[in-house]
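Student: Got chain X; can you put chain S on it based on the hints?
Chain by chain, the residues:
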Amino acid sequence: AQSVTQPDIHITVSEGASLELRCNYSYGATPYLFWYVQSPGQGLQLLLKYFSGDTLVQGIKGFEAEFKRSQSSFNLRKPSVHWSDAAEYFCAVGEPGGSQGNLIFGKGTKLSVKP
Amino acid sequence: DTAVSQTPKYLVTQMGNDKSIKCEQNLGHDTMYWYKQDSKKFLKIMFSYNNKELIINETVPNRFSPKSPDKAHLNLHINSLELGDSAVYFCASSQGGGSADTQYFGPGTRLTVL
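Heads up: the sequence lines are chains X and S, in that order. In this text, residue positions in the first sequence follow the numbering used here: the first is 47, and each later residue adds one. In this text, residue positions in the second sequence follow the numbering used here: the first is 74, and each later residue adds one.
The set of hints was computed from the structure by calculation and includes no laboratory data. Since the structure is predicted, the reported quantities are computational estimates derived from the model, not experimental observations. Hints may contain errors.
[Unchecked claim] Below, simulated DSS-like cross-link-like pairs (lysine-lysine); rule was C-alpha separation at most 25 Å, straight line:
no., chain 1, residue 1, chain 2, residue 2
1, X, Lys95, S, Lys117
2, S, Lys117, X, Lys156
3, S, Lys114, X, Lys95
4, S, Lys114, X, Lys107
5, S, Lys109, X, Lys156
6, S, Lys113, X, Lys156
7, S, Lys114, X, Lys156
Isolated chain X (complex conformation) (with noise of 0.2 Å):
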């Protein structure tokens, strides 16, 4: 069965750090592959997305991911992180090519930030 694992629960970093976030998958195929961030009190927000060709993706607010087969990761950063980005961070995977919009989400990392 499809699943997305992110190892990390809690991550805590300074300001001004570079971070990254862990999100692994389980799939028969490359799938659909998704982070978005759900700042509190906020519905969730589309960061990236992969779905074929370069393997480095870049978002939105200076984030970016890298997919790697032969890791099934896809794992999400930034080189220098803000204040503002404290949040919920969610993989999620979804069919390639599928006609049903059925995403499959991690249990999220929850990222502080230190000043």
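Tutor: What follows is chain S alone, placed relative to chain X:
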């Protein structure tokens, strides 16, 4: 203007009651969804509607029923509420119903069943 809106934002009710959560999107999208986020932040899809047709229905109790009066609205009705229904419910929409279509989420409705 809010793209995807939900009402109410908070809902506190007793076990056994029937309640509804409303969702509206002004993006002109064809597909709308309902997700449930439990206390551990685990997010799982419940339903989606495309052109008034239900196209996904996960293993959700039949106490939950989506109602779509038109393409811009997908309301969630819950009968005989149980303690385990306490969660945050998110509505979302996308232009198409495929997995490649970006989903836009509402702010969520926190349901507490006492």
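Student: All hints are to be evaluated individually against the structure, with a verdict given for each.
Tutor: So, going through the hints one by one against the coordinates:
1. Lys95(X) / Lys117(S): Measuring from Cα to Cα gives roughly 19 Å; hence the hint holds.
2. Lys117(S) / Lys156(X): holds (18 Å)
3. Lys114(S) / Lys95(X): holds (21 Å)
4. Lys114(S) / Lys107(X): Distance of about 23 Å is within 25 Å: holds.
5. Lys109(S) / Lys156(X): holds (18 Å)
6. Lys113(S) / Lys156(X): holds (11 Å)
7. Lys114(S) / Lys156(X): holds (10 Å)
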